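**Student:** Spelled out from the first residue to the last, the chains are:
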Amino acid sequence: MNFSFKNFYNELWNYRQFIFSCVKREYISLYHNSFLTLFWTFLTPVATLIVYITVFSNLMSTKLSVISIDTSHHSSYAIFLCSGIIFWELFSNITTKLNYVFIENSAIVKKIKFPKICLPLYKTIISVINFLIFISFFLIYVVFTDSFPIILFLYLFLIFILIIIFSFSIGLILSVANVYSRDFGHFFVFFINIWFWITPIVYPIGVLPQNILNVFKFNPMFQIIDSVRQIIIQKQFPNINSILYIIFINLIISLLAYYVYNKYSNEMVDKL
Amino acid sequence: MNGTVIISNLYKSFNSNNSFRNFFNRKNEANTNISYILKNINIRIEPGEAIGIIGINGAGKSTLLKLITQITTPTSGEIFIDGRVTSLLELGIGLQLDSSGRENILLLSQLLGFLHSDIENILETVIEFSELGDHIDNPVKFYSTGMQMRLAFSIVTAIRPDILIIDEALSVGDAYFQQKSLERIKNFKELGTTIVFVSHDVQAILTICNKVLLLDNGEIIKQGNPESVIDYYNALNSVKNSTYISQVLNEDGKYTTNYGTKEVSISECYLTTKENKKSNIFEVNEILKINFLININSKINKLLFGFIIKDRVGCPVFGTNSEHLGMKFDASKFHTKIKFSFQFPANLGEGIYSISLGLSNSDLQKDFNYDWIDRIHTFEIINTKKNKFMGVAWLEVKCQVDD
Numbered sequence: 049m050n051f052s053f054k055n056f057y058n059e060l061w062n063y064r065q066f067i068f069s070c071v072k073r074e075y076i077s078l079y080h081n082s083f084l085t086l087f088w089t090f091l092t093p094v095a096t097l098i099v100y101i102t103v104f105s106n107l108m109s110t111k112l113s114v115i116s117i118d119t120s121h122h123s124s125y126a127i128f129l130c131s132g133i134i135f136w137e138l139f140s141n142i143t144t145k146l147n148y149v150f151i152e153n154s155a156i157v158k159k160i161k162f163p164k165i166c167l168p169l170y171k172t173i174i175s176v177i178n179f180l181i182f183i184s185f186f187l188i189y190v191v192f193t194d195s196f197p198i199i200l201f202l203y204l205f206l207i208f209i210l211i212i213i214f215s216f217s218i219g220l221i222l223s224v225a226n227v228y229s230r231d232f233g234h235f236f237v238f239f240i241n242i243w244f245w246i247t248p249i250v251y252p253i254g255v256l257p258q259n260i261l262n263v264f265k266f267n268p269m270f271q272i273i274d275s276v277r278q279i280i281i282q283k284q285f286p287n288i289n290s291i292l293y294i295i296f297i298n299l300i301i302s303l304l305a306y307y308v309y310n311k312y313s314n315e316m317v318d319k320l
Numbered sequence: 408m409n410g411t412v413i414i415s416n417l418y419k420s421f422n423s424n425n426s427f428r429n430f431f432n433r434k435n436e437a438n439t440n441i442s443y444i445l446k447n448i449n450i451r452i453e454p455g456e457a458i459g460i461i462g463i464n465g466a467g468k469s470t471l472l473k474l475i476t477q478i479t480t481p482t483s484g485e486i487f488i489d490g491r492v493t494s495l496l497e498l499g500i501g502l503q504l505d506s507s508g509r510e511n512i513l514l515l516s517q518l519l520g521f522l523h524s525d526i527e528n529i530l531e532t533v534i535e536f537s538e539l540g541d542h543i544d545n546p547v548k549f550y551s552t553g554m555q556m557r558l559a560f561s562i563v564t565a566i567r568p569d570i571l572i573i574d575e576a577l578s579v580g581d582a583y584f585q586q587k588s589l590e591r592i593k594n595f596k597e598l599g600t601t602i603v604f605v606s607h608d609v610q611a612i613l614t615i616c617n618k619v620l621l622l623d624n625g626e627i628i629k630q631g632n633p634e635s636v637i638d639y640y641n642a643l644n645s646v647k648n649s650t651y652i653s654q655v656l657n658e659d660g661k662y663t664t665n666y667g668t669k670e671v672s673i674s675e676c677y678l679t680t681k682e683n684k685k686s687n688i689f690e691v692n693e694i695l696k697i698n699f700l701i702n703i704n705s706k707i708n709k710l711l712f713g714f715i716i717k718d719r720v721g722c723p724v725f726g727t728n729s730e731h732l733g734m735k736f737d738a739s740k741f742h743t744k745i746k747f748s749f750q751f752p753a754n755l756g757e758g759i760y761s762i763s764l765g766l767s768n769s770d771l772q773k774d775f776n777y778d779w780i781d782r783i784h785t786f787e788i789i790n791t792k793k794n795k796f797m798g799v800a801w802l803e804v805k806c807q808v809d810d
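Listed in order, the protein sequences are those of chains L and P.
For any residue, its number in the working numbering is found by taking its place in the first sequence, counting from 1, and adding 48.
For any residue, its number in the working numbering is found by taking its place in the second sequence, counting from 1, and adding 407.
The following block holds chain L by itself, in its conformation from the complex (with noise of 0.2 Å):
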């Protein structure tokens, strides 16, 4: 089957429509059936922030202070929490939902020529929505509270084009890889507990042992995270060479996502 660029794209702008439909029907039938779903999609991150913020404030308050976060109240602890936790979620947030994307919607990929990428894309948009929401209340609360170097936001908005293309990628592949074998899915919810633990969401850094940092930095939500901190809390430019390795592993996965996509998603069909 011949594969170019061109087609690829002209395909996908004449499915726009149906893209920006199916965003539409999500949030359609999400306020459709509980006209309290607004206040339960904001329950489940309040309340985790909540546990994390009491449990670890204290812990964490000395470690803090190596970072030159003010510990003397909680807020602080809660500023550096919600900046890891908000950009980790975007990354949590598409890569589960991708994972589960064409079995789900297995009816129309198996009966209907589209292209199929609508589906993850439509999912993606939907994810970076609500990331949106969540972080636009969070730098008001930051740009009020503080003052803000304009110039950062430029890096927090490519940090944040860097992990849609990141997360992407990952849950490209692993929407794909799923068909062929659901254990590929199953490893991933798994993992990706692990992969919040490995990431320095709750912790600093500065609580790592030096020998695990250097195994940890590998991590690209590690650099990615990192990054994150540096804007928001240490108002600095982030490390280049974190950024360069991040733009690195972006690459490297995202041609590995294109690889198998454009290899396996023909034939997925046959495997639903």
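Quick caveat, the hints were computed from the structure, so don't treat them as lab data.
The structure presented is a predicted model; accordingly, all values stated were derived computationally and were not measured.
Hints are not guaranteed to be accurate.
No more than 27 Å apart at the CA atoms, straight line, and that leaves these computed lysine-lysine pairs for DSSO-like [said to hold, decoys possible]:
| # | chain 1 | residue 1 | chain 2 | residue 2 |
| --- | --- | --- | --- | --- |
| 1 | L | Lys158 | P | Lys696 |
| 2 | P | Lys793 | P | Lys696 |
| 3 | P | Lys696 | L | Lys161 |
| 4 | L | Lys319 | P | Lys746 |
| 5 | P | Lys792 | L | Lys161 |
| 6 | L | Lys164 | L | Lys319 |
| 7 | L | Lys72 | P | Lys548 |
| 8 | P | Lys706 | P | Lys681 |
| 9 | L | Lys161 | P | Lys587 |
| 10 | P | Lys681 | P | Lys669 |
For this one, chain L is given, so just place chain P on it according to the hints.
**Tutor:** Okay, now just chain P, sitting in the frame of chain L:
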């Protein structure tokens, strides 16, 4: 030209080498135990042709349709398709159950790749054609299967495609909607749409298709004139344990299909008038007598004989058999050669009809056949004595006006 489908040397297997596991382990189990769902398929469909595909379950019909729709790709071979394809494969075709009918029209038509400008225009026509009325704003999950099918069919056929592919779907709707859908399909065909149609409904295939493919075990074992392929298919179905199937081309360009175990066989068949004069042309309402001679070749204890009259395209007009007529006799006492006859007034419309004869041991054609011959004889009905009328049946009508 738009609407052409060319398939050459197509093979399809579901356990091909290109599986994802081999992505990690390339040497693994290559080329072992490949079973093909479709084997060496060669088809050429011209624009405006209507092709019916028949075959038992698992013969590969749906897979072939999926390949033509380009939902899946062939394991080897080429498919060339020119033009916009839309398909209605099986039931429920991608309807979102939680959304209303109206939202589904939008979603499905976008999914089918309709242009944005067209989608707004088709909304009303789809609602009208599907005749869902007020239900259109209810969630699709509250629809019956028939209603879902009506909605799906109305959306899929809202814009005339170059190639239309339909799989079974119509069988769910009620008779009224089936008729309506068939009309639309016929209309598309006249406007130049290529139709690929899978159905177990022989009537529907005969009315729409001008060519039929018979798939068996992934291979095209017969293709050509709808009537002869369907006769062959029926023969194939009912003679799993028989020894004999043959098809002979007649002078009129049609086929005579003959199958059965031949324990009892038909040796001769001819038509006569009331006065026992052989003839092939009868007046409307004239007495027609079907005579046939049979040979009993081995010992049997039950025998049924019957006939079916079929019209020009092969649709049955009338059929009956000795059991329906209440005849009971002890077949074991018969001699080796016997003559039977059926006599009736030919109350048929003008045209050419064919006769199929069957000898069997039970009423069900599927069960067990001694001998069955489709199109053993043809005859023509002419109308020189009765008043002008239309249709395949002649009824004695009296007209009265009360003022």
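**Student:** Is it true that the CA of Lys681/P sits at most 27 Å from the CA of Lys669/P?
**Tutor:** violated (31 Å)
**Student:** Straight-line Cα separation of Lys319/L and Lys746/P no greater than 27 Å?
**Tutor:** Not satisfied, since the Cα-Cα distance of roughly 59 Å exceeds 27 Å.
**Student:** With a cut-off of 27 Å on the C-alpha distance, tell me whether Lys72/L and Lys548/P pass.
**Tutor:** Distance ~19 Å between Lys72/L and Lys548/P Cα, so the pair holds.
**Student:** Holds or violated: are the alpha carbons of Lys706/P and Lys681/P at most 27 Å from each other?
**Tutor:** violated (34 Å)
**Student:** Run the distance test for Lys161/L versus Lys587/P: straight-line Cα separation, threshold 27 Å.
**Tutor:** The hint holds at about 26 Å.
**Student:** With a cut-off of 27 Å on the C-alpha distance, tell me whether Lys164/L and Lys319/L pass.
**Tutor:** holds (15 Å)
**Student:** Tell me if the straight-line CA distance from Lys792/P to Lys161/L falls inside 27 Å.
**Tutor:** Since the Cα atoms of Lys792/P and Lys161/L sit roughly 58 Å apart, the hinted pair is violated (cutoff 27 Å).
**Student:** Given the hinted pair Lys793/P and Lys696/P, is their alpha-carbon gap at most 27 Å?
**Tutor:** holds (20 Å)
**Student:** Regarding the pair Lys696/P and Lys161/L, is the alpha-carbon distance no greater than 27 Å?
**Tutor:** Answer violated: Lys696/P to Lys161/L is near 56 Å, above 27 Å.
**Student:** What's the verdict on Lys158/L and Lys696/P, does the C-alpha distance respect the 27 Å limit or exceed it?
**Tutor:** violated (55 Å)
Checked against the numbered hints given earlier, this structure breaks hints 1, 3, 4, 5, 8 and 10; the rest are met.
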